[in-house]
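Go by the hints and put chain B onto chain A.
Next come the chains, spelled out residue by residue.
2 protein chains.
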Amino acid sequence: MKTYLDCLPCFVEQALRAARIATNDDRAIKQVLDEVGCMIKDTPMENTPAESGISVYGKIREITGVADPYRKIKKRHIAEAKALYPQLQKMVTAANDPLLTAIRIAIAGNVIDLGINKTFDLVADIKKILSQDFALFDYAAFKKVLNKAENVLYIGDNAGESVFDKLLIKQLKKPVKYAVRSQPIINDVTMEDALDSGLDEVAELIDSGSIAPGTILRYSSPEFLETYRRAGLVISKGQGNYEGLSDENRTIFFLLKAKCPVIAGDLGIKEGDIVLKGINL
Amino acid sequence: MKTYLDCLPCFVEQALRAARIATNDDRAIKQVLDEVGCMIKDTPMENTPAESGISVYGKIREITGVADPYRKIKKRHIAEAKALYPQLQKMVTAANDPLLTAIRIAIAGNVIDLGINKTFDLVADIKKILSQDFALFDYAAFKKVLNKAENVLYIGDNAGESVFDKLLIKQLKKPVKYAVRSQPIINDVTMEDALDSGLDEVAELIDSGSIAPGTILRYSSPEFLETYRRAGLVISKGQGNYEGLSDENRTIFFLLKAKCPVIAGDLGIKEGDIVLKGINL
Numbered sequence: 054m055k056t057y058l059d060c061l062p063c064f065v066e067q068a069l070r071a072a073r074i075a076t077n078d079d080r081a082i083k084q085v086l087d088e089v090g091c092m093i094k095d096t097p098m099e100n101t102p103a104e105s106g107i108s109v110y111g112k113i114r115e116i117t118g119v120a121d122p123y124r125k126i127k128k129r130h131i132a133e134a135k136a137l138y139p140q141l142q143k144m145v146t147a148a149n150d151p152l153l154t155a156i157r158i159a160i161a162g163n164v165i166d167l168g169i170n171k172t173f174d175l176v177a178d179i180k181k182i183l184s185q186d187f188a189l190f191d192y193a194a195f196k197k198v199l200n201k202a203e204n205v206l207y208i209g210d211n212a213g214e215s216v217f218d219k220l221l222i223k224q225l226k227k228p229v230k231y232a233v234r235s236q237p238i239i240n241d242v243t244m245e246d247a248l249d250s251g252l253d254e255v256a257e258l259i260d261s262g263s264i265a266p267g268t269i270l271r272y273s274s275p276e277f278l279e280t281y282r283r284a285g286l287v288i289s290k291g292q293g294n295y296e297g298l299s300d301e302n303r304t305i306f307f308l309l310k311a312k313c314p315v316i317a318g319d320l321g322i323k324e325g326d327i328v329l330k331g332i333n334l
Numbered sequence: 054m055k056t057y058l059d060c061l062p063c064f065v066e067q068a069l070r071a072a073r074i075a076t077n078d079d080r081a082i083k084q085v086l087d088e089v090g091c092m093i094k095d096t097p098m099e100n101t102p103a104e105s106g107i108s109v110y111g112k113i114r115e116i117t118g119v120a121d122p123y124r125k126i127k128k129r130h131i132a133e134a135k136a137l138y139p140q141l142q143k144m145v146t147a148a149n150d151p152l153l154t155a156i157r158i159a160i161a162g163n164v165i166d167l168g169i170n171k172t173f174d175l176v177a178d179i180k181k182i183l184s185q186d187f188a189l190f191d192y193a194a195f196k197k198v199l200n201k202a203e204n205v206l207y208i209g210d211n212a213g214e215s216v217f218d219k220l221l222i223k224q225l226k227k228p229v230k231y232a233v234r235s236q237p238i239i240n241d242v243t244m245e246d247a248l249d250s251g252l253d254e255v256a257e258l259i260d261s262g263s264i265a266p267g268t269i270l271r272y273s274s275p276e277f278l279e280t281y282r283r284a285g286l287v288i289s290k291g292q293g294n295y296e297g298l299s300d301e302n303r304t305i306f307f308l309l310k311a312k313c314p315v316i317a318g319d320l321g322i323k324e325g326d327i328v329l330k331g332i333n334l
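Chains as they are written, first to last, in the numbering used here: chain A, 54 to 334; chain B, 54 to 334.
No lab work stands behind these hints, which were simulated from the structure alone.
Treat the hints loosely; a few may be bogus.
One copy or two, it doesn't matter: identical chains are merged, so the pair holds either way.
No more than 30 angstroms apart at the CA atoms, straight line, and that leaves these computed lysine-lysine pairs for DSBU-like [as the list claims (entries may be wrong)]: (1) 323 x 181; (2) 180 x 196; (3) 55 x 112; (4) 83 x 323.
Remember, predicted model here, so these are calculated numbers, not experimental data.
Next up, chain A with everything else stripped away, as it sits in the complex (with noise of 0.2 angstroms):
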């Protein structure tokens, strides 16, 4: 996905939202909005959003001298998914069909993003994520594509939905490798969160080489790459791999909750929609 003007304003935002967490010295966060304002000007439209992540949360790195503003709040959204993780358990064992409720359940974990810090929003968006409808709903293309897979690719997205994840990955019953981003970036799971979060005992854990908020190809890892290459199914969860990912020429799926505008335009929803789409198939 290309970069939209209305992402353009969103990077000033999520600079002062991150800046914010880093420091309480309102210099030093004004410093930011100032470079990132002048970023503007050197973003190529044509670029992934997540691409101008990179240089976003850099500056912020950078200026604050904080190389990982969201460590303590990915620690408490991974606490308070693992929390639930039994309950959600049991509720995809009792489920007519245990594959789509973890599924469900893995995009439920996708609103964490949001900065949702209470673990009753949490349960709530979960019911809600139950029962709603999809807006696009590839579900018979990916059994298709799951069931002759020999090997699964399930590319992470923010820490906390992790755990989410992992229930999913069980219900896949096939060799999974989870791939995490290489360095923190806002509230993406790394490989740190991914131990945290129990993913070892489901899946193979791989460093997608990624220093963006999201998966971009001509900076990933070579070895994410061939498992990218060679993945009979490929799962990608999230904005920010879907930004990335979306424009390739294999077939993924893409698990997510459509949380701005931009991205549900893109996809021709609505915001708020929940989603599991397939290209290329």
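Frame of chain A, contents of chain B only:
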């Protein structure tokens, strides 16, 4: 009111919204965002946000060549408000406290700023505001100052809302000067809009000299400044005028609905709250 950090991304967002109203040319819109983004670093935080509005909207004029992007929208809002006028006039006349009802309606008109286009929404908002509690309510002081005042300066805000100001001005029962912006800026009320709204039937219209989307005394005309100093009562409508006048040292009554978190925070209230607030009482 000074500029808050949250105002900075908002400038870029406003620039996008207004540039899209002025033109369909995405390259021109991108150029507006490039330049407004870079203006963040030159924004003095001690200035009021309305002052930065001069540069932001000036850039849009300069790059798109459109001097008054909101012209048609303003005309429509005035026409919609005029269609409601007879019905609202009856409500005022029939009210237990016609002055307070007129104040409420004048505040309800302030929602037009949000870009609400449908008469239906306007009617819904008026109904809500007619029974909504004020978050700040200096009505007793307002009546006291009004009773003593030999004349009133009423500083207008948006076109459309201006029609509802007429209702309130009629209830003041004092000689009123109604101040308008010196040139088109966003959807703020100009001399042409005030005439369209029929305000010349109830007040003397004066040009504030302001080219900002608010009242900033050091940019105001000598005529306005004299009126401001001599007025027995000053009524300031809306957020933009509040931004410029909130730290001044004469008695002023602000009538507004808090439509952004920054203004709400500055007033110590919540977004969506309505206010009749006097300063230097």
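Hint check, failures only: The structure conflicts with no hint, since it agrees with every one listed earlier.
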